[in-house]
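Asks: Each chain, written out:
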Amino acid sequence: DAGVTQSPTHLIKTRGQQVTLRCSPKSGHDTVSWYQQALGQGPQFIFQYYEEEERQRGNFPDRFSGHQFPNYSSELNVNALLLGDSALYLCASSFTRDTQETQYFGPGTRLLVL
Amino acid sequence: AQKITQTQPGMFVQEKEAVTLDCTYDTSDPSYGLFWYKQPSSGEMIFLIYQGSYDQQNATEGRYSLNFQKARKSANLVISASQLGDSAMYFCAMRESQTIFGAGTRLFVKA
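Protein chains in written order, with the working numbering: chain U, 1 to 114; chain D, 1 to 111.
Possibly wrong hints are sitting among the right ones.
Distance condition first, Cα-Cα at most 20 Å in a straight line; then the derived SDA-like pairs of lysine to any residue [said to hold, decoys possible]: (1) D/K3 with U/Q44; (2) U/K26 with D/I46; (3) D/K3 with U/F64; (4) D/K73 with U/Q56; (5) U/K26 with D/K110; (6) D/K70 with U/F47; (7) D/K16 with D/T60; (8) D/K110 with D/Q8; (9) D/K3 with U/K26; (10) D/K3 with U/R57; (11) U/K26 with D/E44; (12) D/K3 with U/Q41; (13) D/K3 with U/Q56; (14) U/K26 with D/F47; (15) U/K26 with D/G43; (16) D/K16 with D/K73; (17) D/K73 with U/Q100; (18) D/K3 with U/G58.
Calculated Cβ distances over 12 Å to all of chain D for the following chain U residues [claimed, not checked]: (19) T9; (20) Q17; (21) T20; (22) Q41; (23) G42; (24) P43; (25) E51; (26) R55; (27) G58; (28) D85; (29) L90; (30) A92; (31) E101; (32) R110; (33) L114.
The set of hints was computed from the structure by calculation and includes no laboratory data. No residue lacks a Cβ here, since even glycine has one placed at the ideal position from N, Cα and C.
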């Protein structure tokens, strides 16, 4: 049973560039959520996708956008990168009909903005 | 507004002993879920245990149990028989419409 996968594992960008991170959910899951985790902090919710639409959004600017594909995989795009965007980006998947809606996380993508 | 508080930045425990990691939360929604995750240095968040707001009994999963005190809005994680591999960051999280995480507690297990 494949778990949540993310790519790439590490990424280095410069200020002003754009980045795309990818996530494949756990088998059987239909919902994908993205989190940003700065060093020494807990994860912060960015947004959640279900049925190819953004269902929930946290307090992040429009530079952060996403997409969900028909196979439930998802992308996170960040435009006009700032130094403060350096963080671990975590993807989590869940099954909407699971009453607990437990989220299972991928290994994350470590983004460094120089 | 939702809020999660973990007041212990770091905790030490002797191998084979039990340890309690504290978590308090604040919400006005009667329906919510509480989660604990473990994050080793590799970065991946590992789901440990879940407690629903309407669950009458405390959740247990192997060596993990959740001490749920609804009136006090606390959901402490108890790890029994600590192992060296338990050394990691531990996060408490709450789900209403969104899932929010606390700041985490770093647990050190001493041999």
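Asks: If a hint holds in the structure, say so; if it doesn't, say that too.
Replies: So, going through the hints one by one against the coordinates:
Taking the CA atoms of D/K3 and U/Q44, the gap is about 12 Å. The hint holds against a cut of 20 Å. For a cut-off of 20 Å, the pair hint linking U/K26 to D/I46 stands: about 13 Å separates their Cα positions. A C-alpha spacing of about 23 Å is found between D/K3 and U/F64, which places the hinted pair above 20 Å, so the restraint is violated. A threshold of 20 Å between alpha carbons decides the hint, and for D/K73 with U/Q56 the separation of about 25 Å lies outside it, so the pair is violated.
Note on U/K26 and D/K110: the hinted pairing is violated, with a Cα-Cα distance of about 34 Å set against a maximum of 20 Å. For the suggested pair D/K70 and U/F47, the alpha carbons sit about 28 Å apart, so the restraint of at most 20 Å is broken. With a C-alpha separation of about 18 Å, the suggested pairing of D/K16 with D/T60 holds against the 20 Å cut-off. Pair hint D/K110 plus D/Q8 holds up; C-alpha atoms about 17 Å apart against a cutoff of 20 Å.
For the proposed pair D/K3 and U/K26, the alpha carbon gap of about 28 Å is over 20 Å, so the pair is violated. Taken as a hint, the D/K3 and U/R57 pair is honoured in the structure, with Cα atoms around 17 Å apart against an allowance of 20 Å. The hinted pair formed by U/K26 and D/E44 meets the criterion: a straight-line CA distance of about 14 Å does not exceed 20 Å. Among the hinted pairs, D/K3 with U/Q41 is consistent with the structure: their alpha-carbon atoms are about 15 Å apart, no more than 20 Å.
At roughly 17 Å between alpha-carbon atoms, D/K3 and U/Q56 fall within 20 Å of each other, so this suggested pair holds. Restraint check for U/K26 and D/F47: satisfied, since their Cα atoms lie roughly 13 Å apart, inside the 20 Å limit. Annotation: proposed proximity of U/K26 to D/G43 holds, straight-line Cα distance about 18 Å (limit 20 Å). Distance restraint check for D/K16 and D/K73: the Cα-Cα separation of roughly 29 Å exceeds the 20 Å cut-off, and the hinted pair is therefore not satisfied.
As the CA atoms of D/K73 and U/Q100 are separated by approximately 19 Å, the hinted pair is consistent with the 20 Å bound. Annotation: proposed proximity of D/K3 to U/G58 holds, straight-line Cα distance about 14 Å (limit 20 Å). A beta-carbon of chain D comes within 12 Å of the beta-carbon of U/T9; the shortest separation is about 9 Å. Distance check for U/Q17 against chain D: the nearest CB is about 23 Å away, which clears 12 Å, and the non-interface claim stands.
Interface exclusion of U/T20 from chain D stands, the closest Cβ pair being 19 Å apart, more than 12 Å. At roughly 6 Å, the least C-beta separation between U/Q41 and chain D is not larger than 12 Å, which violates its mark as non-interface. Non-interface call for U/G42 relative to chain D: violated, since the shortest CB-CB distance, roughly 4 Å, does not exceed 12 Å. A cut-off of 12 Å between C-beta atoms contradicts the statement that U/P43 is not in contact with chain D; the least separation is 5 Å.
At roughly 17 Å from the closest C-beta of chain D, the C-beta of U/E51 stays outside 12 Å, upholding its exclusion from the interface. Against the 12 Å criterion, U/R55 falls within the reach of chain D, whose nearest CB is about 9 Å from its own CB. Against chain D, the non-interface label of U/G58 is violated: not every CB pair exceeds 12 Å, the least being about 6 Å. No beta-carbon of chain D comes within 12 Å of the beta-carbon of U/D85; the shortest separation is about 17 Å.
The Cβ of U/L90 sits about 6 Å from the closest Cβ of chain D, inside the 12 Å cut-off, so the non-interface label is violated. The claim that U/A92 is not at the interface with chain D is violated, since a C-beta of that chain comes within 12 Å of its own (minimum 7 Å). Not every CB of chain D lies more than 12 Å from the CB of U/E101, the least distance being 6 Å, so the non-interface label is violated. Annotated as non-interface, U/R110 brings its C-beta within 12 Å of a C-beta of chain D; the closest such distance is 7 Å.
In this structure U/L114 is separated from chain D by more than 12 Å, as the shortest Cβ-Cβ distance comes to about 20 Å.
Checked against the numbered hints listed earlier, the structure breaks hints 3, 4, 5, 6, 9, 16, 19, 22, 23, 24, 26, 27, 29, 30, 31, 32; every other hint is satisfied.
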